[in-house]
Amino acid sequence: MKNILERLEDFPVDTGESKEMKHYGMVIDLKKCLGCQTCTVSCKVFHGLGPGTVRVRVVEEEQGEYPRVERFYLPIRCMHCDEPECLKACPTGATKKRPDGIVTVDQDECMGCRYCAIVCPYQARSFIAVERRYFPENGNTWENERYAEHQVGTMDKCDFCHERIDDGVRRGLEPGKDPDATPMCVISCIGKALYFGDLNDPESKVSRLIRERKGFRLKEEVGTRPSIYYLSRRVRP
Amino acid sequence: MIRTMREGFIFQRDWAGRGERGFRDQMLMPAIFFGAVSPGLYISSLFTDFLPGLWASLIMNIAGYGVTHLLYLGKMERFWRGLLNIRHSWISRGILFNILFTISSSVFIILKALGAEWGGLIFLCKWVSLVSALLFLAYPGFMLSFVKAIPFWRSAVEPTLFFLQGIMGGIAVQLLMGAAFSLEQQVSRMLLRIDFLLLIAVLVIMLSALVIKSLHGDAERVSVMYLLGIHPATKDGGGAFFLVGAISGGLLIPIALLAVMVVFSELSGISKALVYPAMMLQLVGIYLAKYGFIRAGAYTPPAPKV
Amino acid sequence: MARKGLAGSLREGIPLALTMEFDASGRLNYLGKGELMKKVKTYCFQCYNGPDPFHMVVEGDMVRHIEPDFDCAGISPGEGRVCVKAYGLVQKMYNSNRIKAPLIRTNPRKGKDEDPGFREISWEEAYEILAGKLRALREKGLLDEKGYPRLAVSMGEAGSPAGYGGTFPAFLSAWGPIDFTLGGGEGSKCYHSEHLYGELWHRAFIVAADTPRNRFTLSFGHNTNASAGVSGAMRHADARERGYKRVQVEPHLSVSAATSDEWIPIRTKTDAPFMYGMIHAILHEMDWRKVCDIDFIKKRTNSPYLIGPKGYYLRDMESGEVLIWDPVEKRASVYNDPSIKDYALTGSFTVAGKEIGPDGEEWVYDKVEASPAFELLLRHMEEYTPEWAARLCDLPPSTIRRIAREFVDNALVGEEIEINGERIPLRPVAVTLGKTINNGPGGYQACWARTVLAMLTGSLEVAGGSIGASQRLNRPHHDRWSSIWPGEDGFFQNFLNPTDTERRKDLPKTRSRYTELVPLVGNTGWSPFLSPVPHAWLWYSQNPDGWEKPTYPDVWIIYRTNPNMSMYYTDMMHETTKDFPYIVAFGYTIDETNWYADLILPEHTDLEGLQLFRIGPSTHSEAYWEEYGFALRQPGAPPPYDTRDMTEICTELADRVGILREYNEAINAGIMLGVRLQGKNYNYSLDPERKYSLEEIWDRLCRASVRLLTNGAEERDLQWFRENGYFTVPYPFIRHFLHPVMVKWGLRYEIPYQGRLKVIGEELRRRLEEKGVDWWEEQLREYEPLPHCEDYPRLWEEAVRERGDDPEKYPFYMVNTRSMQYAWGSNASLPLMAEAASYVTGFGGVVINASVAERLGISDGDQVVIESPVKKKTAKAIVREGIRPDTVLVTGQFGNWAVPFAKDLDIPNMNEFLFPNQKLFDAGGSSADIVKVRIYKPGNGGNGR
Ligand SMILES: Nc1nc2c(c(=O)[nH]1)N[C@H]1C(S)=C(S)[C@@H](COP(=O)(O)OP(=O)(O)OC[C@H]3O[C@@H](n4cnc5c(=O)[nH]c(N)nc54)[C@H](O)[C@@H]3O)O[C@H]1N2
Ligand SMILES: Nc1nc2c(c(=O)[nH]1)N[C@H]1C(S)=C(S)[C@@H](COP(=O)(O)OP(=O)(O)OC[C@H]3O[C@@H](n4cnc5c(=O)[nH]c(N)nc54)[C@H](O)[C@@H]3O)O[C@H]1N2
Ligand code: SF4
Ligand code: SF4
Ligand code: SF4
Ligand code: SF4
Ligand code: SF4
Ligand SMILES: [Mo]
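Residue numbers (numbering that gives the first Met the number 0), protein chains in the order written: chain A, 0 to 236; chain B, 0 to 305; chain C, 0 to 944.
No wet-lab data here; the hints were simulated from the structure. Treat the hints with care, as some may be off.
[What the hints assert, rightly or not] Label-pair distances were calculated between CB atoms; the ranges are:
#1 A/E220 / B/L251: 36 to 44 Å
#2 C/E261 / A/E220: 55 to 63 Å
#3 C/I128 / B/Q25: 37 to 45 Å
#4 A/G51 / C/K871: 27 to 35 Å
#5 C/E261 / B/I204: 49 to 57 Å
[As the list claims (entries may be wrong)] Here are a few chain A residues that face chain C, going by a calculated C-beta distance under 10 Å:
#6 V53
#7 V68
#8 E69
#9 N139
#10 K218
[To be verified] Quick list of in silico lysine to aspartate or glutamate cross-link-like pairs, DMTMM-like style, CA-CA up to 20 Å:
#11 A/K191 / C/E240
#12 C/K38 / A/D165
#13 C/K139 / C/D70
#14 C/K872 / C/D903
#15 B/K147 / A/E219
#16 C/K690 / C/E647
#17 A/K30 / C/E261
#18 B/K74 / A/D107
#19 C/K508 / C/E144
This one's a predicted model, so the numbers in the text were calculated from it and none came from an experiment. Don't be surprised by glycine CBs; every beta carbon is placed ideally from N, CA and C.
Could you put the whole structure together from the sequences, leaning on the hints where they help?
Listed below in structure tokens is the structure:
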């Protein structure tokens, strides 16, 4: 496999969009992520997801051989691609891309064919196949309430917590700065490894980080142009 | 089911029986199988003017493909929504092709069965059904080959293979039907010859695809290893069903059996006894080959080497 | 399936925007819910790294989810965030497998295989039964025939019950003498040596790095990313971003090693040898006069103190003060003589003086050769070469030398930094120790060597270096400066258990007999918990000759601890606890200890109860606050089951038992928070005869606490706290460092030479000999002024041999590690946590080195047998490169067979494999979580090499 880090020289944050428009994106600092799973769990609780359904996976990888071994953590959620494979694949149009770059699934329109899950290069989607419960034997108050927010037989994935963003923006808050307008995982991350903001604004924290620390994207070769950038764990030479 | 977070090369989990919905998750493979055999049978029956085959194709299309596919969907009552993205989605197109095929072939078969004299309509239905059958036959192959995320599927091999396998499957069913419905000797012989060629073509394409793909990239190699049963994930028997079922049972043995018949070029009683098993094996082989190809779809790992 | 919310409104064709509502306070209404959601402030104290404030987001009558509380970002070291465990609290509250009402045992037979047959009863019945039991007990007398308290109470979870127990401490104090020494694994399995010696050298319970200013952290198994909570995780993440270097020395690549700059795969239990090798390299291979902080060594440590031929401090004939040698004046002076020009660190001098030894014994010399402690240190360390250490550690000697070099190079000797307007030294190097490193044999040596490294670099209790977290044995707990005052010989005061015959006579008796066996642990509130708890248990079944077997407590109350899982030797624990006459548990779910209970009272969980608790300025860990004060824990929504608040339960019991007066008085005296209800210009005291409601009690404590913080100026009531969560006042950050107060009092740390320990150890030896105790020999060896160091893993091999088994048969050291998702076993019943933990290496089985696994024919995911000399169990193999070939690893404390959900996890517990051996205990009565095991595939005839 080609070393992805070597091919990252120039990815200026350029969505090709008007600077007037927002393009929400995320930056993940691999130096700071410690694999604690706070993001995964806070997201699950916030969105009321049942067992096994996660919107962000923190992939753990061990590389090398004893005694020269390294392990690192790579949080992966929907990349809110600029060229989403899922969007093209989705036969029903349930998958949509908003003007601000957020890719969503409308569960009312989804027919559960799972083509989007197959085509997603980041395996960012989970199919709600059956109603799974942590406490299957006895009806559980919380589960009864919260699982009603999702439809069995449809697709689930990270939606950048757009309810929080929309709600916040309407109240004059700034996504990425004001917690109430920022995704749950970002505000909960205890490594402070996650940043959120407007990629179209060259002065936003996310844009600056990408510029200054040469942010890169995963599987750039697929051409999906993700809105999530990573900051390398190593200081690049 | 709790997903693992430790991922190197991982296999797709959504198609071909890796789900939690019991038999409903198993329904995609029959759909794909009948989605190939039905139009294949239709085409071969059309060319050999074999009415029972046309009927059988229609039944397979509706019961074998339509119902199973619907059962596979998470929300089957919304299947019609699947037509809403014809511009981009191969599933949308597949549904469209299927609807076209179903309508045109039904009309054609009914008119033909009634012996109706509406030349223009018959002609139109015949050609629409033929074209839509061809498209319908090939669409799952295109559906796979457009998945950028899974390198193993990304080539012209898939549509080609899916196409050829469909025709082969159709021929196999038609020959099997010959036991119950009279099928002219020379038709059978012609079909056998074509089938023989198709078998060899599929074998060659399949093997060379495996070799080329395994040389092409890491994820492809992982998929090939899976099919050959030498990947750790093959504990579930992947190797056995592909090598034994799809290659040996589904291709090599039928080729051998047909070779015998082709050499003697005469359909004796003995060779008839060989045809049916060969065709059965061939059908099983097609199923397993498709199953294997779909299951073997592996993603490249998300993690860059650091 | 019922639908509502976002998708529902979309289906109805209403644009999302129109369904959003906000109330005046700007509270939000995500998802266009019809009802407003509100944020309720509370805190998490599931582990001792808290309390960490957060918001419950409540929708209608249900706690919907949890969010950080950024209002406290400026004051809390976690910046208002909470860790993964806190997000599990919603599931903890609504857990269908909770105990939902008081339970009474119906099966009189107790045993692991005997179903207790618990039956639900009403609270009224439960109160009457328990109060009746306790009344009867008081009538018999608080102490039994042998002088042990009849009531024993166990609280665990490393002190975190205090954040939940409400007025439980007041109830206990009202009761009278109680035995707290029948505990779980806390204390003895924790950072045990660090707890005891930490109070000597840091006046602290735990020693941490001053990470925000640190340049180089050398961590021996200090598993920050799992164990140091939000603040620890965050501070280290920030430091990584800034570019500090962290080296993790550990037998396996832990989650903390994963984010470190270097992983050094050391052989288990050889951490002390590694540090000894470093000290040798600094003292004997470098020019220590150049690389060390000489000024600090001379002025802040006992390095210049002269040591007499018997090994005690050499003292002035008249004053009895310790002597030092002034090389300028060429004469000996008492250490605090202001006219001293310089302090000799090396050499040998002829002086007059006297030594005072055990029991006041004196040796008087007109002329005697004496050397400074530092000279003795130099000689002592000579034999511990990096080569010697490297052999034990199974590492190249060059690694030890390189790390020693990096350590001194990063110390920046001479630098200063300004904090709160005060200039203090900046020595940005620190050594941190994880738990198995600092308990059991070798624990003292590791703590001592770490402190010597800090001494050499002057990084002891200064900016960037090693600093203590809040102290526990010495009061006040929350302010380190005010706990320091001058004691003997120029050191700060310590209160140890007496070792002289006179004062030992009327020591209170507990089942762990700590006042008699462990001088260092003292006799304050926390002492019983840090006492030789394992021995208290062991003596029930393995009592040494001549040593009194402890009596069973008439009533044993368990609260938030699960000794039958968390203590060593679980099988022995079951056998012992099943014979206890009457067990009462305040419980959450059934667990392996309350399985034996006669009565279980289910209490409110974290999101249901009401209580005020201290926050800041520091807790047991790397949580250093900028402010301190009080925070409220409060119910977010009505409790789903018939559970009660601890305060309510305690008031009710106090009343029914007939100790309401004492109970109220204990609250008035400030027993829970250190806050008296009466002060200069306020009086919120409870009328001792009246029974108060939960809210009344906490309302008064809220008011009094704020008065206390504001010197009587301000008042806040419960309602205010309900809305605002916490009240804090600034805490000058400089107070987190002892250095300024040491300078102010002119005090020295008793390092490197443990003169007092030598005296105490000798006295203790005599006292024990007088009693005929000869089985504390190994432990007495620890009282060395300059500790010797050896091959500690060998002890674990010998322990196998002493059982008549062959150590060769057990080629692996089994070690144990924590996971961030679990707080001990306390949240083991939550499937959400299991799911999160399963995403991290190590959870769910036994980790084994890849090449070893290959040799044994084991693949990832295989079931394998783990066998120690006492236990055999199967587990899932997790094959990884990141672990030493001679080591296997298990995570957490599972192996449950009673806790719902956890009992189906089938994960081995370290404690089942351990077996007692007196040589595996240190002087504090703690052992280490290490055992030799073999691993093989089932049916492979135990061929685990
Ligand atoms: N194998 C192994 N053993 C260890 C350790 C290890 O690393 N590995 N670590 C050791 C250390 S350092 C420590 S400090 C100890 C800690 O060990 P313990 O102090 O014994 O703590 P837990 O095992 O968590 O037991 C806490 C109990 O409280 C119950 N509980 C949970 N929530 C509530 C609640 O809200 N209310 C009430 N009333 N009860 C509740 C749980 O059911 C659980 O059984 O363990 C030691 N033992
Ligand atoms: N999430 C979470 N945090 C906690 C707790 C919890 O239960 N959960 N418990 C709290 C309590 S009570 C305590 S005492 C602390 C404990 O905190 P730590 O001591 O930091 O935690 P552990 O992971 O138990 O042990 C530290 C590491 O030492 C390694 N180790 C074992 N033996 C050796 C050895 O001989 N040498 C070296 N160098 N390393 C060795 C272990 O593999 C492990 O990775 O954590 C506290 N924080
Ligand atoms: S990451 Fe996957 S699901 Fe998300 S937008 Fe890209 S292709 Fe679609
Ligand atoms: S599963 Fe739903 S979202 Fe995914 S492609 Fe099919 S219809 Fe679209
Ligand atoms: S952005 Fe929101 S939905 Fe996406 S992973 Fe984070 S918390 Fe979950
Ligand atoms: S919460 Fe932050 S540090 Fe923890 S796993 Fe997620 S991204 Fe990494
Ligand atoms: S670190 Fe401990 S106290 Fe803090 S949020 Fe996590 S579990 Fe709670
Ligand atoms: Mo602990």
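Practice task
Hint by hint, work out which the structure violates, then give me just those numbers in ascending order.
Solution key: 2, 3, 10 and 13
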